[in-house]
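> Keeping the supplied structure of chain A fixed, place chain B upon it in accordance with the hints.
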Amino acid sequence: MSGDLFISGGNPKVVATRDEIARCSYWIGQGINHLSRAKSELIWEETLFGFDVPNLWFSIQRRITLEREIGHLEDLQRSLYLASESYFSNEIQMAHRIENEYLSIAKKFPWDFISIPIPRLRYAGNPFAPMTAAMAIVGLTAPPSSAATGAIRSAASLAPTTFSTPAWPFGSAYGQSPTKVTGLLAQLQSNLYFLGIRSHPVTESRLIESTSTQGPATFAGKLSKLQQTYFNPRSAINIDSFKSNSGRDLVVYIPGTQSNKLAGENVFNVGSNISSMTSTELAASELAVRGALDQLKVGENDRVILVGHSQGGIIASNIALSGDYKVAGLISVGAPIAHQNLEVPVISIEHANDVVPALSGETNPITNNWVTVQNTPLAESIIEAHSMNTYIETAKLMDQSDDVGLKLVLEQMQFPQGEAISHKFKLIG
Amino acid sequence: MDSDLLIKMAIGALEAAMPDVALWQGDAQLSFELRLQEVTWKLYSEIHEW
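Taken in order, these protein sequences are the chains called A and B. Take the first sequence: its letter number 416 is residue 416 in this note's numbering, and every next letter is one higher. Take the second sequence: its letter number 46 is residue 46 in this note's numbering, and every next letter is one higher.
Keep in mind that the hints are not guaranteed to be accurate.
Unchecked claim - With a straight-line cut-off of 20 angstroms between C-alpha atoms, the simulated SDA-like cross-links for lysine to any residue are:
| # | chain 1 | residue 1 | chain 2 | residue 2 |
| --- | --- | --- | --- | --- |
| 1 | B | K8 | A | S36 |
| 2 | B | K8 | A | R68 |
| 3 | A | K261 | A | L282 |
| 4 | A | K326 | A | K261 |
Hints are computed from structural coordinates only; laboratory data are not their basis. Remember, predicted model here, so these are calculated numbers, not experimental data.
Just chain A, with the same shape it has in the complex (with noise of 0.2 angstroms):
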């Protein structure tokens, strides 16, 4: 296990774009050039009371100004520079540069104009599709790694572009982004239901058991506790129940993927997956939650805060979204989540060789509000990367920082400690 954390975000000290920091430090060099040799041309051009000799005062007096300032100057760039070191490595810088310029250009390229209604036809002219396919390829089958994980993102970020509309021949989903993974995802789902294939998702969430607990105190012990919604039984979620000045504090634990099927008795299955990543229909698991907030009477007193991973992360940040409950933070573990544009504190804990959260295609922003805990565990599988035991590792580790970011967005979330009313819901799909 690795004992570096790369935390980015959540700190407003230290808040730019990586390009502007790059563009403000080339105009402050650019700056100083020009007073280095306005230094050096200085000793000849003043005149001494009308005769042409240097006036060595003036000179003397301008050079150690200008001296001055350069080296002020020099301290601004140096600053930028560490800011810019110390914010931006590794997989989110090069995820963020394959975002800003390699997709700016291939976004550029009007393939919609090219409707031949044979995917194959079109894709086979199409010079990113086997290039996003490589990418895929390599990315699923490469040992765990951040470049696995670095290909797959690149690869979820131009499959849009490269296989949007009109190539799906049956249906389409209209008011999807068709250069985000999100409208891919609703195309494939109504192609799904236009060959039949669709879930319908009617849940249930039966209260199967309520008993006193504690609020875990650390990161290690919230992940625990989430790592137990998978077990006892399956298809199950917990909600944590805090007594609070206004109301409730309400802490959801939510598992992620149990079943491989597109529909099914377990809500957690695939088929939830693409729905909880497109806004055409709720996702059953999604339905099952609210079901359980619902049972729980949870209303404008009750705040809500949301662990989940994987899908449960998704839906959780579905969940933050849609503003129906008064969601004060949201914890997200291995969950791709960074196309959402959430506005409550986030926690979001990745792997870098973990593929799941490169799967929205994008970057988890870097703002006040949202905080990404980065570590790259040793892993032999990509499932063992994506597994709760090693989040909890990363946890324990999480537990140890002192980063302002990770505490500041934490302190907004202000999650509820001490005495508690577990209660456990059965989800049936």
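Positioned in the frame of chain A, the structure of chain B alone reads:
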């Protein structure tokens, strides 16, 4: 080239280095902008005629 002209060119470069508000957030933008402005004003006052 006389030093006044070179200082004017430096001021031009520093004005181009001013932060784009849309791309910065929080304290960083303001403190960077203020420090840059301080240098720019010093340079303005160095020039006799502007």
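> Confirm or reject each hint.
Now the hints, each set against the structure:
1. Restraint check: the Cα-Cα separation between B:K8 and A:S36 comes to about 13 angstroms, which is no more than 20 angstroms; the hinted pair holds.
2. Taking the CA atoms of B:K8 and A:R68, the gap is near 17 angstroms; set against the 20 angstroms cutoff, the hint holds.
3. For a cut-off of 20 angstroms, the pair hint linking A:K261 to A:L282 stands: about 17 angstroms separates their Cα positions.
4. Simply put, A:K326 and A:K261 have alpha-carbon atoms about 32 angstroms apart, too far for the 20 angstroms limit, and the pair is violated.
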